[in-house]
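Chains as they are written, first to last, in this note's numbering: chain Z, 1 to 126; chain C, 1 to 126; chain R, 1 to 126.
FYI, nobody ran anything at the bench for these hints, they're computed from the structure. Hints may be right or wrong, so weigh each one.
[Stated by the list, open to error] SDA-like cross-link-like pairs, simulated, lysine to any residue; straight-line CA separation at most 25 Å:
#: 1; chain 1: Z; residue 1: K12; chain 2: R; residue 2: N120
#: 2; chain 1: C; residue 1: K83; chain 2: C; residue 2: Y53
#: 3; chain 1: C; residue 1: K83; chain 2: Z; residue 2: N96
#: 4; chain 1: C; residue 1: K83; chain 2: Z; residue 2: L122
#: 5; chain 1: R; residue 1: K12; chain 2: C; residue 2: Y53
#: 6; chain 1: Z; residue 1: K12; chain 2: Z; residue 2: N96
[To be verified] Some chain Z residues well away from chain R (every beta-carbon gap over 12 Å; in silico):
#: 7; residue: K12
#: 8; residue: W16
#: 9; residue: Q26
#: 10; residue: R29
#: 11; residue: P35
#: 12; residue: Q39
#: 13; residue: A49
#: 14; residue: T72
#: 15; residue: D80
#: 16; residue: L108
#: 17; residue: T124
#: 18; residue: V126
[Claimed, not checked] Between beta-carbon pairs, the in silico distance windows are:
#: 19; chain 1: C; residue 1: A55; chain 2: R; residue 2: G59; range: 25 to 31 Å
#: 20; chain 1: R; residue 1: D64; chain 2: Z; residue 2: V47; range: 16 to 22 Å
#: 21; chain 1: Z; residue 1: D37; chain 2: C; residue 2: D30; range: 30 to 36 Å
#: 22; chain 1: R; residue 1: D22; chain 2: Z; residue 2: Q26; range: 36 to 42 Å
#: 23; chain 1: C; residue 1: W16; chain 2: Z; residue 2: E95; range: 25 to 31 Å
#: 24; chain 1: R; residue 1: W16; chain 2: Z; residue 2: S63; range: 22 to 28 Å
#: 25; chain 1: C; residue 1: G11; chain 2: R; residue 2: V126; range: 39 to 45 Å
#: 26; chain 1: Z; residue 1: D37; chain 2: C; residue 2: A15; range: 14 to 20 Å
#: 27; chain 1: R; residue 1: D22; chain 2: Z; residue 2: T79; range: 32 to 38 Å
#: 28; chain 1: R; residue 1: P13; chain 2: Z; residue 2: D14; range: 26 to 32 Å
#: 29; chain 1: Z; residue 1: P13; chain 2: C; residue 2: T78; range: 18 to 24 Å
#: 30; chain 1: Z; residue 1: T79; chain 2: R; residue 2: A10; range: 36 to 42 Å
Note that the Cβ used here is the ideal one computed from N, Cα and C, for glycine as well.
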Amino acid sequence: MPLVHISLRAGKPDAWRQAIFDGVYQALRDTFDVPEDDQFMTIHEHVPANFRYGARCFGIERSDDLVYIQLTVNDTRTTDQKKALYRRLAGLLAENPGLRPQDVFINLVEVSTENWSTGNGLATFV
Amino acid sequence: MPLVHISLRAGKPDAWRQAIFDGVYQALRDTFDVPEDDQFMTIHEHVPANFRYGARCFGIERSDDLVYIQLTVNDTRTTDQKKALYRRLAGLLAENPGLRPQDVFINLVEVSTENWSTGNGLATFV
Amino acid sequence: MPLVHISLRAGKPDAWRQAIFDGVYQALRDTFDVPEDDQFMTIHEHVPANFRYGARCFGIERSDDLVYIQLTVNDTRTTDQKKALYRRLAGLLAENPGLRPQDVFINLVEVSTENWSTGNGLATFV
């Protein structure tokens with residue numbers, strides 16, 4: 001049930017964006033114990049004027065390839081799992097589509113397990 | 001003050017999308033005790049390549065009509081109210097625009113009441 | 001590290017939207033103690049049918065210029081800081097681009113400091 005919203009500058013080919021989806025899903029499988037096919041994700045493409053980033057903030061040199069990945073997840077993961085997710089996700093995206101680790105910006109929003117209805121009008125986890 | 005962001009695949013007529021707005025608002029009125037005209041909502045339309053979903057995850061058969069409805073709300077509702085919201089929202093959207101309950105994906109993000117300024121530069125609830 | 005998603009109706013010139021980015025960043029600098037160049041923000045433009053608002057809800061008279069500003073931030077700020085942010089942000093946007101304070105809708109989503117990787121696959125704050 002993570003719900004993932006991804007924002008990046010418009011102009012990348014479809015394969016680039018599919019690789020981002022694939023990497024997010026695989027990283028969640030590997031570190032957050034999500035079930036098979038638990039992939040609920042969107043990509044928002046922005047013209048340059050609608051996408052702003054601090055190019056050197058926090059000592060990281062970012063480029064126009066920067067991707068914001070905001071994942072809303074259950075509040076059941078440990079700090080170690082979160083660190084594993086960050087590392088794994090940056091690693092996978094470096095392999096494919098070839099995104100620099102400096103350009104992977106991740107944020108987790110945590111909610112309680114009763115905050116999801118993944119279909120049929122029913123609470124999925126309670 | 002719920003702030004609601006809705007994502008779906010592009011291509012549905014205006015009336016379809018207005019019915020989704022109407023259903024979300026009515027469900028909030030009926031189950032979350034929001035005041036009249038408390039409707040602050042956006043729809044994000046995505047090309048197929050930018051919208052991914054697990055078609056069978058959690059035992060639900062979803063279609064390309066799937067809608068992600070993410071509501072940021074005050075952290076004042078009970079579990080029963082949340083369940084009522086899910087049920088009511090799926091029911092209303094089944095009536096109009098005729099969305100299958102399997103294609104209604106709902107997520108709540110809860111915040112404290114001091115986290116809103118609905119205008120005029122003032123905290124609205126504290 | 002605030003991650004800021006802004007939604008408004010499409011049709012405003014670039015300068016208008018840049019002024020909103022600038023105002024959000026300056027308000028965060030002035031009231032939330034963010035470091036220099038800590039600006040990670042997107043704008044989502046919506047056709048009228050995809051942007052709905054309560055025009056008079058909570059006693060505020062809103063117009064089609066309404067802007068939703070949703071900021072995901074660390075859960076380290078006081079109520080006074082939040083109120084200062086709302087006031088400062090509405091004030092700055094009134095100066096430039098000339099947005100009416102009634103049309104500034106702000107929501108804060110708070111997360112723990114371990115919920116960020118601003119790059120390199122590492123947790124930025126833990």
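Status of each hint after checking the structure:
1. K12(Z) - N120(R): Holds, at roughly 21 Å.
2. K83(C) - Y53(C): holds, 23 Å
3. K83(C) - N96(Z): violated, 40 Å
4. K83(C) - L122(Z): holds, 7 Å
5. K12(R) - Y53(C): Not OK: K12(R) and Y53(C) at ~33 Å, beyond 25 Å, violated.
6. K12(Z) - N96(Z): Given pair K12(Z), N96(Z) holds - Cα atoms ~13 Å apart, limit 25 Å.
7. K12: holds, 15 Å
8. W16: holds, 18 Å
9. Q26: holds, 14 Å
10. R29: holds, 17 Å
11. P35: holds, 22 Å
12. Q39: holds, 20 Å
13. A49: violated, 5 Å
14. T72: violated, 9 Å
15. D80: Its Cβ does come within 12 Å of chain R, the nearest being 10 Å, so this is violated.
16. L108: violated, 4 Å
17. T124: Holds, because the least Cβ-Cβ distance between T124(Z) and chain R comes to about 21 Å, which exceeds 12 Å.
18. V126: holds, 22 Å
19. A55(C) - G59(R): 25 to 31 Å: With a Cβ separation near 45 Å, A55(C) and G59(R) fall outside 25 to 31 Å, so the hint is violated.
20. D64(R) - V47(Z): 16 to 22 Å: For D64(R) and V47(Z) the Cβ distance comes to about 21 Å; the hint holds.
21. D37(Z) - D30(C): 30 to 36 Å: holds, 32 Å
22. D22(R) - Q26(Z): 36 to 42 Å: holds, 38 Å
23. W16(C) - E95(Z): 25 to 31 Å: Check failed, 39 Å falls outside 25 to 31 Å.
24. W16(R) - S63(Z): 22 to 28 Å: holds, 26 Å
25. G11(C) - V126(R): 39 to 45 Å: holds, 43 Å
26. D37(Z) - A15(C): 14 to 20 Å: violated, 32 Å
27. D22(R) - T79(Z): 32 to 38 Å: holds, 35 Å
28. P13(R) - D14(Z): 26 to 32 Å: With Cβ atoms ~30 Å apart, the hint holds.
29. P13(Z) - T78(C): 18 to 24 Å: Violated: the Cβ-Cβ distance is about 47 Å, outside 18 to 24 Å.
30. T79(Z) - A10(R): 36 to 42 Å: holds, 41 Å
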